[in-house]
Amino acid sequence: DVKVTQSSRYLVKRTGEKVFLECVQDMDHENMFWYRQDPGLGLRLIYFSYDVKMKEKGDIPEGYSVSREKKERFSLILESASTNQTSMYLCASSYGGGVSEQYFGPGTRLTVT
Amino acid sequence: AQKITQTQPGMFVQEKEAVTLDCTYDTSDQSYGLFWYKQPSSGEMIFLIYQGSYDEQNATEGRYSLNFQKARKSANLVISASQLGDSAMYFCAMREALIKAAGNKLTFGGGTRVLVKP
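Protein sequences, first through last, are from chains P and L.
One point on numbering: in this note's numbering, the residue at position 46 of the first sequence is 46, and numbering is uninterrupted.
One point on numbering: in this note's numbering, the residue at position 102 of the second sequence is 102, and numbering is uninterrupted.
Bound-form chain L, shown alone (with noise of 0.2 Å):
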């Protein structure tokens, strides 16, 4: 089973209109993290936000929020008020077993492409 499921392959957002990408995880570990990262098409990865699994509040930055719902193990990006510099790649990540000292390695998602419109 995958790990990281991001379902919309691709999608169009009107600007200044708010988007909501949807990324799904599996694992058994009760402490882990979600990273979601922006790639624009110049290539580079973009770190944007990150939820623990033990956070009380959903995560936010700036027009980045992550509605992280832990019964359902999903973690979604919202993108508020959208601006043609947000058409990307976006992809979903999950870094299972905190606890464990080595490594910090990430687990990703096939993406979605962000296309804002004017």
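Same shape as in the complex, but just chain P (with noise of 0.2 Å):
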């Protein structure tokens, strides 16, 4: 089984500190991506990775940025948290081209207070 995990299912942070979440993958996935989720809003793409080192802006990418070092492992990274990225954050993966579903993580409820 494709398992996806995350590094917290909850995080608590306060305005202004640097937040890292990880998330790791073990089939071998060319692409992973990072989702927020807000009600009513569905899940928006932030980031994602198509190769090592190679990251591409998603539709909400202003105040996050990406880290891709290891195939396995795609790090999501809020500079300077604030209290409008309190979400619900959620890692996925998936082959690369072709039509493959993607796999997701448990997510990480991240609260910024």
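Rather than coming from a laboratory, the hints here were simulated on the basis of the structure.
Please note that a few of the clues may not be correct.
Unchecked claim - Quick list of in silico lysine to any residue cross-link-like pairs, SDA-like style, CA-CA up to 25 Å:
no., chain 1, residue 1, chain 2, residue 2
1, P, K70, P, P106
2, L, K73, P, G42
3, L, K3, P, Q85
4, P, K57, L, Y32
5, L, K117, P, P39
6, L, K3, P, P61
7, L, K3, L, T27
8, P, K55, L, Y32
9, L, K3, P, E62
10, P, K3, L, D86
Unchecked claim - In silico negatives: residues of chain L with every beta carbon more than 10 Å from chain P:
no., residue
11, T7
12, Y25
13, S28
14, Q57
15, T60
16, Q69
17, S74
18, N76
Bear in mind the structure is a predicted one, so any value in this text is a computation, not a measurement.
Virtual Cβ for every residue (Gly too), placed ideally from N, Cα, C.
Each of the two chains sits in its own frame; use the hints to bring them together as a complex.
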């Protein structure tokens, strides 16, 4: 079975802190994604990566950066957390090219106070 | 304009009955794919079913079927014989430009919450 894990299920941070969210997948997937999920808005893509060290902006990249130094690991970084970044963050991975469903991690609920 | 629209924020369904979840999409691509995911209260997203834009038959996967009407740009999910475990959020998603090599990006709708009543 594909497994996507995220470093924390719940996280509470203060405004201005630097926040790291880690995601690891064990299926050698080329593509990895970071989404945020807010009520009524569904999932919105923040960043994705289709190869090591490669990244592309999604629909809402402002205030976020990412890092992919190894194929299995994709990190989301909030350089200076703000209260409007309080949300559920979901990581996903998929095979590259063609049609492939995305496999999701359990999510991290981040609260910024 | 929204690329994926799910007009039903929430709905109740009686156990053992069928339920249809609406999804309309907007794209100018000829080649695209449509996905449905289920998100139980535990939070994980579970892939349910896929329909390609060139697939001639509606996709089916167990109790899930996709009513694909290309001209109307709709891809409704039908769950037959609802079970209590079907209570969850359901998301419709689209991948555009299947011929593009990299990314496999999905655009999601706002979701529909389904509650199955015993």
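### Message
Please verify that the nearest CB of chain P lies beyond 10 Å from S74/L's CB.
### Response
17 Å, holds
### Task
Could you let me know if the closest chain P CB is still more than 10 Å away from the CB of Q69/L?
20 Å, holds
### Straight-line alpha-carbon gap K3/L to Q85/P, limit 25 Å
23 Å, holds
### Query
Under the criterion that the straight-line Cα-Cα distance not exceed 25 Å, is the pair K73/L, G42/P satisfied?
19 Å, holds
### Query
Holds or violated: K55/P with Y32/L, Cα cutoff 25 Å?
22 Å, holds
### Message
Need the status of pair K57/P, Y32/L: alpha-carbon distance at most 25 Å?
### Response
Roughly 20 Å between the alpha carbons, so the hint for K57/P and Y32/L holds.
### Query
Was T60/L rightly flagged as not at the interface, with every chain P Cβ beyond 10 Å?
16 Å, holds
### Query
Is K3/P close enough to D86/L, meaning Cα to Cα at most 25 Å?
At roughly 22 Å apart (the allowed maximum being 25 Å), D86/L and K3/P satisfy the hint.
### Message
Quick check for students: does the CB of N76/L sit more than 10 Å from each CB in chain P?
### Response
About 17 Å separates N76/L from the closest Cβ of chain P, which puts it past 10 Å; holds.
#### Entry: T7/L and chain P, when compared Cβ to Cβ, separated by more than 10 Å
The claim holds: T7/L sits with its nearest Cβ about 12 Å from chain P, beyond 10 Å.
#### Entry: Restraint status (C-alpha distance of K3/L to P61/P at most 25 Å)
18 Å, holds
### Task
Decide, holds or violated, for the assertion that all CB atoms of chain P are farther than 10 Å from the CB of Q57/L.
Q57/L clear of chain P: closest Cβ-Cβ about 16 Å, beyond 10 Å.
Against the hints set out earlier in the document, no violation occurs for any number.
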